Structures are given as C-alpha cells and as structure tokens.
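Given chain A, put chains B, C and D in place with the hints provided.
Listed here are the chains, written in short residue letters.
Number of protein chains: 4
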Amino acid sequence: MQKIPVGVLGATGMVGQQYIALLAQHPWFEVRYVAASPRNAGKSYRHAMVGRWQLAAAWGPGVGDLILEDANEVAAGVSASQQGRLRFVFSALEMEKEGILKLEEAYAAQGIPVISNASAHRWTPDVPMLIAEVNPLHTDIIPIQQKARGWNQGFIAVKPNCSIQSYMTPLYALLKAGYEVNRLFITTLQAVSGAGYPGVPSLDIIDNVVPYIGGEEDKSELEPLKILGTIRNGQIEPAVTPKISAHCNRVPVVNGHTACVSLEFGAKKPSVEEVKAIWTGFSGLPQELDLPMAPKQPLILREEVNRPQPRKDRDADKAMAVTLGRIRPCPIFDLRFVGLSHNTIRGAAGGGILNAELLKSKGYLG
Amino acid sequence: MQKIPVGVLGATGMVGQQYIALLAQHPWFEVRYVAASPRNAGKSYRHAMVGRWQLAAAWGPGVGDLILEDANEVAAGVSASQQGRLRFVFSALEMEKEGILKLEEAYAAQGIPVISNASAHRWTPDVPMLIAEVNPLHTDIIPIQQKARGWNQGFIAVKPNCSIQSYMTPLYALLKAGYEVNRLFITTLQAVSGAGYPGVPSLDIIDNVVPYIGGEEDKSELEPLKILGTIRNGQIEPAVTPKISAHCNRVPVVNGHTACVSLEFGAKKPSVEEVKAIWTGFSGLPQELDLPMAPKQPLILREEVNRPQPRKDRDADKAMAVTLGRIRPCPIFDLRFVGLSHNTIRGAAGGGILNAELLKSKGYLG
Amino acid sequence: MQKIPVGVLGATGMVGQQYIALLAQHPWFEVRYVAASPRNAGKSYRHAMVGRWQLAAAWGPGVGDLILEDANEVAAGVSASQQGRLRFVFSALEMEKEGILKLEEAYAAQGIPVISNASAHRWTPDVPMLIAEVNPLHTDIIPIQQKARGWNQGFIAVKPNCSIQSYMTPLYALLKAGYEVNRLFITTLQAVSGAGYPGVPSLDIIDNVVPYIGGEEDKSELEPLKILGTIRNGQIEPAVTPKISAHCNRVPVVNGHTACVSLEFGAKKPSVEEVKAIWTGFSGLPQELDLPMAPKQPLILREEVNRPQPRKDRDADKAMAVTLGRIRPCPIFDLRFVGLSHNTIRGAAGGGILNAELLKSKGYLG
Amino acid sequence: MQKIPVGVLGATGMVGQQYIALLAQHPWFEVRYVAASPRNAGKSYRHAMVGRWQLAAAWGPGVGDLILEDANEVAAGVSASQQGRLRFVFSALEMEKEGILKLEEAYAAQGIPVISNASAHRWTPDVPMLIAEVNPLHTDIIPIQQKARGWNQGFIAVKPNCSIQSYMTPLYALLKAGYEVNRLFITTLQAVSGAGYPGVPSLDIIDNVVPYIGGEEDKSELEPLKILGTIRNGQIEPAVTPKISAHCNRVPVVNGHTACVSLEFGAKKPSVEEVKAIWTGFSGLPQELDLPMAPKQPLILREEVNRPQPRKDRDADKAMAVTLGRIRPCPIFDLRFVGLSHNTIRGAAGGGILNAELLKSKGYLG
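Protein sequence lines correspond, in order, to chains A, B, C and D.
Numbered by my numbering, the letters in the first sequence go through residues 245 to 610 in order.
Numbered by my numbering, the letters in the second sequence go through residues 245 to 610 in order.
Numbered by my numbering, the letters in the third sequence go through residues 245 to 610 in order.
Numbered by my numbering, the letters in the fourth sequence go through residues 245 to 610 in order.
Hints may contain errors.
Chain copies aren't distinguished; within one or between two, either way the pair holds.
As the list claims (entries may be wrong) - In the DSS-like style, the derived pairs of lysine-lysine whose C-alpha atoms are separated by at most 25 Å in a straight line are: (1) Lys-346 / Lys-512; (2) Lys-562 / Lys-346; (3) Lys-420 / Lys-487; (4) Lys-513 / Lys-487; (5) Lys-487 / Lys-512; (6) Lys-463 / Lys-341; (7) Lys-540 / Lys-606; (8) Lys-520 / Lys-540; (9) Lys-540 / Lys-562; (10) Lys-463 / Lys-346; (11) Lys-604 / Lys-247; (12) Lys-606 / Lys-391.
To be clear, the hints were calculated from the coordinates, so they are not data collected in a lab.
Just so we're clear, the structure is a prediction, and the values are computed from it rather than from any experiment.
Same shape as in the complex, but just chain A:
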C-alpha cells in the first residue's frame, strides 16, 4: 500500500517536530510537505533545524531535504496538493488566534483537510474537537461543516488542550459506564515542553514551580464540555456538566502532565473497585479499529502507591496511554485519583495523528 502524503504546518516548532518524528515510521502517512514562518521559507528542513531540533528521535527519510514553504502561502499547499504531495495537513501553527483562524479556513476552503493542534478553532461550533476514544461520533459534524461553508473535500477538525488528556478519558469512561459526574477539582503539574521552544526560561523553573499558565485553566475547565457535547442544529452544543475547577502549575519536568483529581458522582456512586474495573476494561473505537497510533489499552492502572510519575509513565504504549493511580475515596467528594499523559504525544502530535487515522478510517481523507 502506498502511503498517503501529508503536510505539516508549523513544522519547525515543538509540536511540529513531534509530528515529524512520529510520522517517520508511520504505516499510513508520510510527510512530503513542510511549512513554517516566512523567515524559514526556502530553507531545507535539515538546514532550518540545525540547533533547533529538540528530540532524540529522528525524522523520516527524505524529510531533511524537503524545502520549507511559507505557511501563509496557501497557494503553495494547493500546488503541492495538485502534485500529489499532500492529501491533508496537520496544523501545529503558532501565531495569533486570528491568523490561525483564517489560515486553517483558507486551506480547508481549497480542499485540503486540516487536522489541527491549535486552539483557534476549538470553539468554532461546527468544528469537532476530537479525542478519538471519547467522541469519535463528533466527526458527523464534518459533512455539515462542509455543506454550510461550501467546502468540498476540505474541513477542519481540532484536538483539545494537552492539559485535559490526563483526566478526560477516565472521566468519559465513567460516564460511559453509566455514572454521572457532577463536579471535578483538578490541579495539574505540567511539563515545560507544553510551552513550546524556547518557552519557559530555565531561570523560572529550576528549583521552582510557577503556579500559573496563561489561559490554561479556562481550557481545562471548558473544553471537556464541548467534547461531551451533542450535535444539534448543525453545531456541537456543549454539555453543561460536569462543573470543573482547575488549577494549573508549571513544574520542572520535560514531558508529561500530571493531574490530581477529586470527583463527585451523581446519585449513583461506584466503589473504588468498580472504578478500577471500568478503567482497566475501557476501550474505544480506535482500539476496535486497531488504528496504528492507538494504545492497546487507553487507560493503564498502576497499583504502586506512588505512581503515576511523569518520567516513568509518560512513554507507556507509544506515549499514547493515560496512566492512572492513587485511586481512593475523597473526604469531600467521592473519588480521588492521579492521571498522567505525555503532553506532546498523547496531548498533541500523537493525538492529532490518531485523529487523522480515525478520519481516514471513516473515509474523510479520501
């Protein structure tokens, strides 16, 4: 089988690099098009990345020789598309919101599907915000989106913020098992890679904690509601529960976001053992379809009293599994636990690729 050619917008940033690295050995997709800011346009990817490539992993064959295009030049993407060098793009654009909104729409309007990691379109009502194991049915909004906007093959699908990955799937597994969840207190301890590169200055984080990440608490509190929402009248109507209070901290960890969670059920309350069974047994559509990037088991339980830990658990199952531990009662709400996921893989590029695999399986990528 011939691989599907794909493009990466924002290919030189942290998430862009992670896309490039993860796609190096992908069985379905191969990177044939890279675009970034104008100042890098015209350079080979290899040349542009001297001193900027942050990963231990390598890029795939041929990627170093690709010439970076200016991501603002949609025409370049269209031309590549016509030449068979890209079927769709992963967007890891880093620019102001307005710019991303317009650029992603321009690509889609030109027939190029955009699978985005950027936050700009997360609250656009006809754009699905996908976690492949949680709301794969939200892809049903795509034909509606295309029709309303007069787009043919192009569309926009986004993924949520990295900070919610450590509790969103366990939350959903409980809902799916029939337990209502009313309220959640969440405190995150987030890795520095979440801020991109150069990102967090070392003077701010060595021997230190920063108890604030701009915009992150709002995202952590609100994005789950859209993911749990319902398609109605041509748009995704957010759910109204659970109510979430999030406190987001930056800690001196390279990769891996940890979330300490307290959770209040509705009237029906499972026991700790039932919760463990629900999580261990949880499986979603990506597992059913055996998608390449899907973890075998989306939720891994560690019984040791002091796990999960970012350095030891972030890479579980291709860094795509969420690891859970310290499941115990809460003196105020019902249940407490700790969740952990790899923020630039499960929470960014890996999650985006899994979304693309899901969309491909459903026929949205030709």
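Chains B, C and D alone, transformed into the frame defined by chain A:
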C-alpha cells in the same frame, strides 16, 4: 542580657541543622547542648558534620566544638541542665514514633521543657500543637499537662506538619475576621528538603514528580482541626470544621511548599477584595510581642499573576512569612488561592524557635 | 533457534534492572534466573520490584514470576545450570570488593561463565576488561585463565567503568589509525544513575554540582591502560601511555555521561578533518559480526556547535553509540572534543550484553 | 555621611537587577537613576519590573518610584548628573558591541564615570579590566585614558567575564607568592543565570548539559592575560603567560560557576600544603581598605572531599568569596583544584560595586 542555653535533640538531621543555623545569631537563645543517635555520640559536632552539613548558613560560635551526646541518654541532658548548659530542648528527633513519645516524656519528666518538631506527640490530647500566630492560647494547656503528669518545670509543646503552614494561617485569618469556612480542597507541591537527608533519591525526582508522600495527606487534613480546637476538660478538643481534602506531591524543589487551595465559605462570603484586606492586615501575638523570629507581616500578598513561587518567595521575611497570590473566585467553591512557605524554616525549625519565644514571653521557660 | 538461558546476579539494583529490561527482547539470550541479596531471596521478581523498578521499559515475559535466589548461594546457580536454566551469568553485584571477588570466582569455578559489570576483578591480571569494539582480542586470555585456575567452562570477563566509555573508543580509533596519543585531560559530567539507587540524594544535586565521585578519577585514569594492554606471560600487561588526568563531577542529569577532553598526539598529528574522518569511519569486530546489541556506527559525529548533549544524544542507536562533537584544536594540547555515552546502557548493561554476544560468537559460551 | 547618588544603565536585565538589589543597603552608594531600553522608558521601575524581577532580595527605598530613562539618551544622564542625582553609572547594558562601545564613551565624555560589566570595552587598551584584589594598580591607567581622550572626570573601567572569577584570584595569589604558572587546563560548569533572562530555555537544560557557551572559552582563555598585564606606553600590555585551555559547559544550576582546574608551575613548585597556606593567607587591597563589599577572606578553603558546591558555597561571605577545594596533585601538570564563585554577584554586580568602592577610595569618583 545573658542568653538562655538550649539543647537540640536530633542535631545532625536536616531540621536539627536548621535549628543550629537559625540559632547562630539568636538574641535570646544559644545552643550549648547537642544530642543525636548513639553512633555519633562522643564526636564533636564539627567532626560529625563533615560531609553532612547541608546548609549555606554557618553554625554559631562554639557549636562546632560541642560534643554530641546520645539523645537516648536523658541523664546526659539532666546533667547538662544542672550545669546550666540547657534550660530547654528543641526536639528534631528522627526515630520510630514510640521512641520519640517516650524520650520526649522522659526529658519533660526530668524538668526539661521539650519544644518539638516531631509528629509523635501531635495528637496527645494535653500537648499543644502551636502556630504562634494562630493558637497561642493553647499554651494554657501546659499547666494542666504538668499537673496531670506530675511534672514540675518540664512540659511538651509541638508544632504541626510543614505541609499545613502554607494555608493554615490564611485560613485562620479568615475565621478570625468572622467568616466560616466549611470545606477546603488542597493540592500541595512539596520540596525535597521535607523528607530530610538523604531523603528523596535524585533518580526519583529529577525530571519527575512523585504524587505521594507517606502520611502527609492525613496530617494535612487533620492537624488544622486540633489547632483550631478548644481546651475542654483538660485536653484540646479538635474542631470539626473545615473538612479538608489534601493531595500531596513531591516536586523537584529544594525548599518551599506550595499549596493550591479552593475554599468554601459558610453563609457569609467575603469578596476577593475583602479577603485581600483581611490577609494583608492580619497580625498575631508574635507580632504584638515583637518576637525576634516573628515576621513583621505574617501574610504577604503578591499581585503578579504568577506568584508565589518557591525559589523567589520562600525566603520572605527571614523565611517566616507565608506568601499568597492568585486570589480569585472558584467555579465550584468560593475562593481560590496559592500559598507558599519555607518548609524547613517557617514549617520546622523557625516555627519551633518562634514557639519557644512565645513560651518564653509567657513565662513557661523560666 | 532456541534462546540461551542466562542469569542475572544483583538483579534488583539499577544495573541489574537495566540488564533485565535490555534482555526482554534479546534475540539470543533470555533471563531465566535472577539472584540478589538474601533479604529478597524467595520473593518473586515482580513482588521484589514493587516500588523499586526505575525504568520506563518493561521486563520480558516470565521474568516477573521468577523467584529471586540468594546470590551468595552459588549452589543455587549450579543447580539452575544443571536444569538448563542458565548457561552463564551477568554479574551486577553490589557489595564490598572481597565478596564480589570470591563470589564471581566461585561461579566460574563451578563451570558458570561470569560476565561482570562489577569493578572487583578489573585488575585481576588474567581477567579481560572488554570493550567489544576496542580489545576483542583480549578474550584470548580466557583459555589461559581457565587453565591456570583449573576451570573448565567457567571464566570471568569484565567490562570497564562507565566513565571511560565516552572517550575510550574515540581514543582507540585514533591509535588504530596510527596516531600516538601521549596525554589526555578529561573532565567528566556524570549522570546520577551511575550511583545506583537510592544513590545520590536529591538535596545534593538539585540546583547543584558535586565535584567529586569516590574512586572514579582513578578508574578513569587507569582502566584505559589495561584495555590497551598486551597479553604476555599469561596476563594482560597494561599499556604505559597515554597518561590521563581525570576530574569527575556529578551533575543533575538522569542518564548520560559527558566528557570534555583535551588530547596530545605524538609526533604525527592528524588534522581536525582527519580526526573526523577516522571517527566517522571507525568500525570494530561487533559491527563486522553484526552483533545484535552493536551500534551500526560506534562513533557518531554531531556538527552542531552545542552537541552532544545527554538528554538529546544518550539514546543514539539503542543507547550504544558514543556521540562526539565540538572537535577543535586545543591551545595547549592538540585536539579538544566532547564525548557522550549512556552510562547504564553503553557503560553498563548494554556493554555487558555486547561482551556476551562477542564471547558467544567466539565460542566461549558453548 | 550622605550617600553618593549612582545610576544603573541596563537596570531591568539580570545583572542590572542584581546591582539594584545589592545597592539597596549599601553604606556609600544609593541608586537614584535607572535607565534601560527605549521600550521601558517612562515607566516607573516598579511598573516595568512586574513579572520580570527575578530575585528574592528587594530593591532599596525609593527605587520602585524612579522613572526609567532611555539609556541611549546620554543627555538624560547628564541632566541627572547636573541635578545631583548621579555621580557615576554602573553599566549593565545588553546590546550589540558597537552600541555599548559608543554609549559608554559618550557618558564618560560627558563627565560621568562608567563602571561597566559589559564586555565591549574589555580589550580597549587604555581601559582597565579590574578584579579589585588582583590588579588594583591598573587604575593608574585612568588619568592616562582621560588625558588621551580629553575627558575631565569621566572614564571607563570594566570588570572581566564571570567565568574567570573562580580561578583568577587563586591563580594570582600563587603568582604573588612567587610561583610562576605556565599553563592551565580549565573546564567550567556554569549556571544559567550567566545567560541573563530569558536566557537558557528550560527545554535545553532540565536533565541536560550544554557543552558550549558562545564566546565564553575565548574570554576564559584571554582575559586573565590582560588582568595580569603591565601599563606601558599609555596602555595595558597583556601578559603572555599562563597559556590557558578552557572548556565551558552550561549546567542546570541557578547561580554559581564551578571550575575544574589543572595547573602547571614553572621551575619552582610549591607543595599542596604551601598552596593551601598561600590561598588561606591571601588578602588584597580591598581587604586592607576594608571596603564594604569586600569579603573578609577572598579565598576560602573547604577541606571536605566533595566541596565546593554551587548551592552550598556560592553565597559565602556576601557571595563575594571564591571557595576552593579538592586541592591535589595532577598526574600530568602539577596541581588540581576546584574553584567556585557566584557569577551574578562576585562575577558581575558585586564585583562591579567592589570596583566602584576601590575607585572611590582612590579618589576617582570625586
């Protein structure tokens, strides 16, 4: 004025060292007696500390030449007391609970007041657990304790766990201002020095977080209740509110415990501005008495969006102030904030010294 | 092909764990026997490792159920050998030198080859200290060792200290290319995993450097001489050059030892470009034999001005390659460079496995 | 005594902040004028520093209310000088070399002495590069500088790079004691604060080492020669020995540069004990004059085998002492040791203030 001679039990451990360092220039007290485990007994303090002294600060004149006694040999302390080399002892003992219970009682029974940092006696009903700004009146239990046990000058007073210092005084300030607090969600990000030396292995904490500290969550949830308790029938009866849910994490920070707090008021709810005014204006007995170790202002407010931070705020006002920030509404409870205090100074040796100053001022130390 | 059963002595320590993890998917060997200190004997490996397993990687099938033997009980190993559960052992013993000397000899005397990571036998004159790419011919001492000691199939082969791996192979490549090297100044920046677990206390290394590692400078200066030595009169006679001055530091890095090297050639001096060509082109017997653990290219050159770096380069080629960079003239000696290798893989368990593969290929393991 | 009013150019950067903090309680000088880049001009210092102030220490009374001037507007400085708000300026300018060269000259030409931390003028032949304990006599070039340039009271004096402070004074102490030093191998392990703010990205340094700092090796090798130079024909003629080879690394340490040094004496070679006596007994003009910022003992010896260490020794004697340890023979050269100094205090702002005190004592500051 001649300084009061004091002893330090457990003088070679982390908290013991911090006592020695802080007392180096104390205007009232001077260290004349040091005791530790049998294996160090007979060595000079200087000799025993080669390669073990962890602090940048130095010990006081003469301390290096003191000969370490075996802390288990209460007779040595009594003899030193008779020779005028100690009026009371700071206990920073590190051993199993039963051993500390007995040893501290033995010293007290021999007429030597014990001002302890250890957790063993925290729940002994006639032993006060003091934060000098919060419950100085709990010293009233001391004559009752002495009478019930047939002790003359000796007594035991303890201080609470380091993890609660970052939220206990702000909580108390609100209560004192007339606002009931029903419930508190707390997530701590605690420094490695809290685990003593050697303590946390570097392999467990570089590029990592450990979402568990043995026993710490219980202490964080329960100790505030005793501190807010009432002396009744010869013992301190713990308060029944607020209800606390604590999640305690170890992070790669040398000193300084951070607490992310969500707080639910009773019927009467102050505005954010009122809370700020209460905290900025808060002052306690140590401030009134102008005790040497007392911070001028017990609660410091930082208005920057990303403070407090351990490395930048832990040393505020001799490392004895609690620094507060990010005061804002909570979508579930009423109020959220971040508190920070220096765990081995405000939360351990400095707090113990402040307690001793309080007790001296009240006449309990002769 | 059926896999060769092997044992790991010291299976619960850091290097032991790394052996277990690396052998999980090894094409030739499988772990069927694990031994450690008496206090763990009788427990399943899974049980003994609760809260002690430090690695992200997992152990192989069946290993969790193996019952730990007491490594001091050589008879248990002999019995396992007779039952076909071990053909040879990897020694990652951590105990005092005398104990290791005797234990490793006892296993060998009983017909069990010992491939050791311990330092005890490194200076035993008839024991080869092997880096598979550098001195594979030193295996010729094995028949002499066996004959002199009256051993049949058993023998002892060791590997050198982790600190020398970052400069030993580049040094050898230059010698092999015909350039004498007279003197070397080396400063190492070593990872905490080199000290085992619990190893370096976090209080000693967060926001800190420790400019001393016990015994490490002697090993770094002397072990290269034995590796470059000659078999003569039934023993390995160390070389007399190059003279090495080593300064060893511990830095806050999890894995990966960095070495800053200045090197003085003899009369014949290659240019910087010649040195680069020698290193890029270097290949040894493991590469020729295509051994499973051998890196394709033993020495990797990075041209970026700020590489190699431990976090980004330590895992190069299964963490078995040495990465080199900053190759430039020295104002005092002739050449300067920075070398980096993974200390618990290339420098410990991975190097030991590669030695075993070499010995197997040469017929020493039956 | 009324304090001398001073200005700080580059007052918002890391070194500028350190100047402001150290001068908060200075007995001779007080900050009355602050200048920085045009984008901050017109803001109060307090306002400009919200979220940028990196230090635990506070600024002095009145400093928060000072209005930042544009450092490029020399006229503003002249006007402040005429109003008695500044007698001289500390330059902590961060801009390209040409800009600093011209600006510092412009201030000096207008009668305002410039005591600079910038590197721009370090190799200007008639500008002294001062370490107050080492070459205080180089201030004799100042009248020559003034005369040659037609300046009245203004002049420029600089201090050397932070990286050399950990070995320059010990080197000088040996020379002063009559021992020639021919050659030095130096490897530095430098703190992130040396790169300013935002400086080193955390993604580059957590769990990592960067074996390169742009321009630092040249400075480390060459600046000592000017400091040891001789005033001849109206300029400072650099010394020709010792020859230095420096390798500079960035490590995950907040403050404190460590240097591992090997040193070759001339024909006359002191014993290790003599070296220790020379260093312990060393004292310079700042000590003789009892200058406020001068450490009592410029060189402190630690006998513990694993010291000095940055976190434990950087703050020795107001962070102005150099701490030495691990003094031992070298297998190649004669002597090895480890030196440590605080890079933003001894190596930057503190060293600059000490230079100002020296110049004031000599009458150069009116």
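Here's how the hints hold up against the structure:
Neither within a single protomer nor between protomers do Lys-346 and Lys-512 lie at most 25 Å apart by alpha-carbon distance, with minima of 45 Å and 48 Å respectively. When the C-alpha separation of Lys-562 and Lys-346 is checked against a cutoff of 25 Å, the pair qualifies neither within a copy, at 33 Å, nor between copies, at 43 Å. In the homo-oligomer, the alpha carbons of Lys-420 and Lys-487 lie at most 25 Å apart inside one protomer (17 Å), although the nearest pairing across protomers, at 31 Å, exceeds that limit. Taking the closest pair of Cα atoms, Lys-513 and Lys-487 come within 25 Å of each other both inside a single copy (17 Å) and across two copies (20 Å).
With identical chains, the CA atoms of Lys-487 and Lys-512 are at most 25 Å apart both within one copy (17 Å) and between copies (23 Å). Taking the shortest alpha-carbon separations for Lys-463 and Lys-341, only the intra-copy value of 15 Å comes in at or below 25 Å, while the best inter-copy value is 44 Å. For the identical chains of this complex, Lys-540 and Lys-606 are intra-copy neighbours only, at 20 Å inside a copy versus 41 Å across copies, given an alpha-carbon limit of 25 Å. In the homo-oligomer, the alpha carbons of Lys-520 and Lys-540 lie at most 25 Å apart inside one protomer (17 Å), although the nearest pairing across protomers, at 44 Å, exceeds that limit.
For the identical chains of this complex, Lys-540 and Lys-562 are neighbours both inside a copy (10 Å) and across copies (24 Å), given an alpha-carbon limit of 25 Å. Proximity of Lys-463 and Lys-346 under a CA criterion of 25 Å is satisfied intra-copy only: 21 Å inside one chain copy versus 49 Å between copies. In the homo-oligomer, the alpha carbons of Lys-604 and Lys-247 lie at most 25 Å apart inside one protomer (12 Å), although the nearest pairing across protomers, at 41 Å, exceeds that limit. When the C-alpha separation of Lys-606 and Lys-391 is checked against a cutoff of 25 Å, the pair qualifies only within one copy, where the shortest distance is 18 Å, while the shortest distance between copies is 70 Å.
The structure shown violates the earlier hints numbered 1 and 2.
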